[in-house]
Amino acid sequence: MKPTILINDAEIIEKVLIKDFVHFVDRGFPVDEERNPLESNLFAMTGKRWKAVRNRLSPIFTTGKLRLIYDAMADCGNELITQMEGDQEIDMREILGRFAMDVIGSCAFGIDAGNLTNPDNEFRTMGKKAFEFGFSQFAKFIMLTNFPNIAKKIGISFNRPDVLKYFTGIINNTIKHRRENNYQRNDFLQLLMQVQDKGYVEVLTKDPADEYLNIETSSFSSEKFELSNDQIAGQAFVFLTAGFEATTLTMMYTLYELSKNPDIQEKVRKEVQREVKNAGALNYDAVKGMEFLEQCVKETMRKYPPAPMLFRVCTKSYTLPNGLTIEPGQPLQVSVYSLHFNPSYYPEPEKYKPERFDPDQTIPSCAYIPFGNGPRICIAMRFAMLQMKYCLAKLLLTYKFQVSPKTREPLRYSVKSFFTAPADPILFNVSKLEK
Numbered sequence: 455m456k457p458t459i460l461i462n463d464a465e466i467i468e469k470v471l472i473k474d475f476v477h478f479v480d481r482g483f484p485v486d487e488e489r490n491p492l493e494s495n496l497f498a499m500t501g502k503r504w505k506a507v508r509n510r511l512s513p514i515f516t517t518g519k520l521r522l523i524y525d526a527m528a529d530c531g532n533e534l535i536t537q538m539e540g541d542q543e544i545d546m547r548e549i550l551g552r553f554a555m556d557v558i559g560s561c562a563f564g565i566d567a568g569n570l571t572n573p574d575n576e577f578r579t580m581g582k583k584a585f586e587f588g589f590s591q592f593a594k595f596i597m598l599t600n601f602p603n604i605a606k607k608i609g610i611s612f613n614r615p616d617v618l619k620y621f622t623g624i625i626n627n628t629i630k631h632r633r634e635n636n637y638q639r640n641d642f643l644q645l646l647m648q649v650q651d652k653g654y655v656e657v658l659t660k661d662p663a664d665e666y667l668n669i670e671t672s673s674f675s676s677e678k679f680e681l682s683n684d685q686i687a688g689q690a691f692v693f694l695t696a697g698f699e700a701t702t703l704t705m706m707y708t709l710y711e712l713s714k715n716p717d718i719q720e721k722v723r724k725e726v727q728r729e730v731k732n733a734g735a736l737n738y739d740a741v742k743g744m745e746f747l748e749q750c751v752k753e754t755m756r757k758y759p760p761a762p763m764l765f766r767v768c769t770k771s772y773t774l775p776n777g778l779t780i781e782p783g784q785p786l787q788v789s790v791y792s793l794h795f796n797p798s799y800y801p802e803p804e805k806y807k808p809e810r811f812d813p814d815q816t817i818p819s820c821a822y823i824p825f826g827n828g829p830r831i832c833i834a835m836r837f838a839m840l841q842m843k844y845c846l847a848k849l850l851l852t853y854k855f856q857v858s859p860k861t862r863e864p865l866r867y868s869v870k871s872f873f874t875a876p877a878d879p880i881l882f883n884v885s886k887l888e889k
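Just so you know, we're using my numbering here: the sequence shown kicks off at 455 and counts up by one.
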């Protein structure tokens with residue numbers, strides 16, 4: 455068992471994540487694709503294989519593709535409002551989680567998951583199983599992070615066999631149905647099927663916002679790229695494991711902060727109303743134009759980073775500026791939480807101040823990393839932001855939010871989660887806006 459190097463200095467973090475990334479390419483989790491096909495995903499992949507898959511999948515998340523997928527996501531929002539009718543005191547984490555699960559079902563798995571209308575259905579039940587964190591899961595985490603080679607040899611995996619079988623089954627059945635019936639749909643699954651068929655996804659337009667994807671267009675038209683159904687299932691499954699809790703918690707904490715700061719809530723609502731009026735509907739362009747809402751979401755992710763730690767492992771010998779040499783195999787952890795609360799970067803870090811993210815404000819590149827940074831930055835971060843902004847805008851157009859007196863404050867964090875999750879329910883008093 456090796457001691458872990460903990461990093462919370464933005465300059466060193468920038469070296470690890472960006473400038474000297476070639477020394478810290480991998481996250482350090484063992485991957486066994488033969489035993490556990492769902493581990494065949496961008497989050498877990500290593501080395502050259504990760505780079506090859508990342509290059510081929512990056513075009514899936516460009517602006518043009520997000521526009522196409524927007525409607526599949528937005529369809530889930532109408533049911534969200536319907537399910538909230540008549541409620542006065544709501545556990546928003548529950549209903550936001552059902553919305554997020556429906557979006558993942560629609561956009562990643564290509565199905566109508568129906569979690570908002572039927573929260574006890576199989577898709578949600580199996581999805582929640584993927585996040586259960588009891589003693590056995592904790593023991594697996596210790597083995598995977600501290601003894602990865604042993605864990606791989608004995609076949610330890612976070613993924614439960616029944617969960618693996620269920621989600622790979624959905625993907626296989628959906629792909630089979632689409633191919634047999636020549637059916638196509640604007641969602642991520644269809645784009646993954648395009649990669650499977652052609653070896654690449656066409657990028658018809660360029661947008662400056664796509665620069666983070668670092669698309670190497672010359673590599674798409676060369677050799678044929680093999681992508682199996684199991685690998686497609688792996689990419690879809692990482693939407694669930696990496697995206698469900700992160701987006702649910704961020705939306706919940708944003709509503710919490712807007713409830714604690716009613717002046718900010720009203721400012722956001724006016725922006726939402728203005729952009730919807732200008733666009734004629736709550737469409738892609740309207741959501742994209744909600745800049746202050748995005749600042750609020752970013753400030754939420756600063757104050758409540760979904761993943762409080764980032765993991766890396768040294769893959770090539772490296773010497774830090776202070777002379778410390780890091781050898782291959784050495785694990786590192788980046789403390790996102792302590793970085794986001796460093797007063798040198800964020801004066802009065804305990805306060806909720808969306809203006810920190812005004813366009814004219816400058817934040818060091820690696821002082822804000824809720825999505826990571828560098829070549830392994832979250833490939834779906836703009837889709838996640840689009841989803842969260844859409845959902846919050848939809849809610850703020852219809853409802854006013856206040857924190858219920860029954861909510862335990864100050865908030866406490868759960869020790870039974872990998873994410874920055876609350877230990878107690880955050881209840882909201884929700885009232886419909888007068889028209």
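Keep in mind the hints are simulated off the structure, nothing from the lab.
Each hint should be verified, as a subset may be incorrect.
Below, simulated BS3-like cross-link-like pairs (lysine-lysine); rule was C-alpha separation at most 25 Å, straight line [to be verified]:
id : residue 1 : residue 2
1  : Lys456    : Lys583
2  : Lys582    : Lys502
3  : Lys607    : Lys652
4  : Lys724    : Lys805
5  : Lys860    : Lys870
6  : Lys805    : Lys606
7  : Lys456    : Lys770
8  : Lys752    : Lys805
9  : Lys752    : Lys456
10 : Lys724    : Lys770
11 : Lys770    : Lys469
12 : Lys473    : Lys607
Derived DEER-like restraints, expressed as beta-carbon distance ranges [said to hold, decoys possible]:
id : residue 1 : residue 2 : range
13 : Gly783    : Lys721    : 29 to 37 Å
14 : Phe589    : Ser885    : 37 to 45 Å
15 : Phe475    : Asn776    : 17 to 25 Å
16 : Ser792    : Lys770    : 42 to 50 Å
17 : His631    : Thr536    : 21 to 29 Å
Beta carbons: idealized from backbone N, C-alpha and C, even for Gly.
Each hint tested on the structure:
1. For the given pair, lysine 456 sits about 30 Å from lysine 583 by alpha-carbon distance, which is inconsistent with the 25 Å threshold.
2. Using a Cα cut-off of 25 Å, the hinted pair lysine 582 and lysine 502 is violated, with the two alpha carbons roughly 32 Å apart.
3. At most 25 Å may separate the alpha-carbon atoms for a hinted pair to count; lysine 607 and lysine 652 exceed this at roughly 35 Å.
4. Simply put, lysine 724 and lysine 805 have alpha-carbon atoms about 22 Å apart, close enough for the 25 Å limit, and the pair holds.
5. Of the supplied pair hints, the one linking lysine 860 and lysine 870 holds, its CA atoms being roughly 22 Å apart against a limit of 25 Å.
6. Between lysine 805 and lysine 606 the alpha-carbon distance is near 43 Å, which puts this suggested pair outside the 25 Å criterion.
7. Distance hint between lysine 456 and lysine 770 is fulfilled; the C-alpha atoms sit about 16 Å from each other, no more than 25 Å.
8. Distance restraint check for lysine 752 and lysine 805: the Cα-Cα separation of roughly 13 Å lies within the 25 Å cut-off, and the hinted pair is therefore satisfied.
9. Our distance criterion of 25 Å between C-alpha atoms is broken by lysine 752 and lysine 456, whose separation comes to about 35 Å.
10. Annotation: proposed proximity of lysine 724 to lysine 770 is violated, straight-line Cα distance about 51 Å (limit 25 Å).
11. Between lysine 770 and lysine 469 the CA atoms are separated by roughly 14 Å; this keeps the pair inside 25 Å, and the hint holds.
12. Straight-line distance between C-alpha atoms of lysine 473 and lysine 607 comes to about 33 Å, which puts the hinted pair past the 25 Å bound.
13. Checked against the hint of 29 to 37 Å, the C-beta distance between glycine 783 and lysine 721 comes to roughly 50 Å, which is inconsistent with it.
14. Taking 37 to 45 Å as the suggested C-beta distance range, the pair phenylalanine 589 and serine 885 conforms, at roughly 42 Å.
15. Between phenylalanine 475 and asparagine 776 the Cβ separation comes to about 20 Å, which falls inside the hinted range of 17 to 25 Å.
16. Between serine 792 and lysine 770 the C-beta distance comes to about 26 Å, which lies outside the given range of 42 to 50 Å.
17. Between histidine 631 and threonine 536 the beta carbon distance is about 28 Å. The supplied range of 21 to 29 Å therefore holds.
Violated hints, in rising order: 1, 2, 3, 6, 9, 10, 12, 13 and 16; the structure is consistent with all others.
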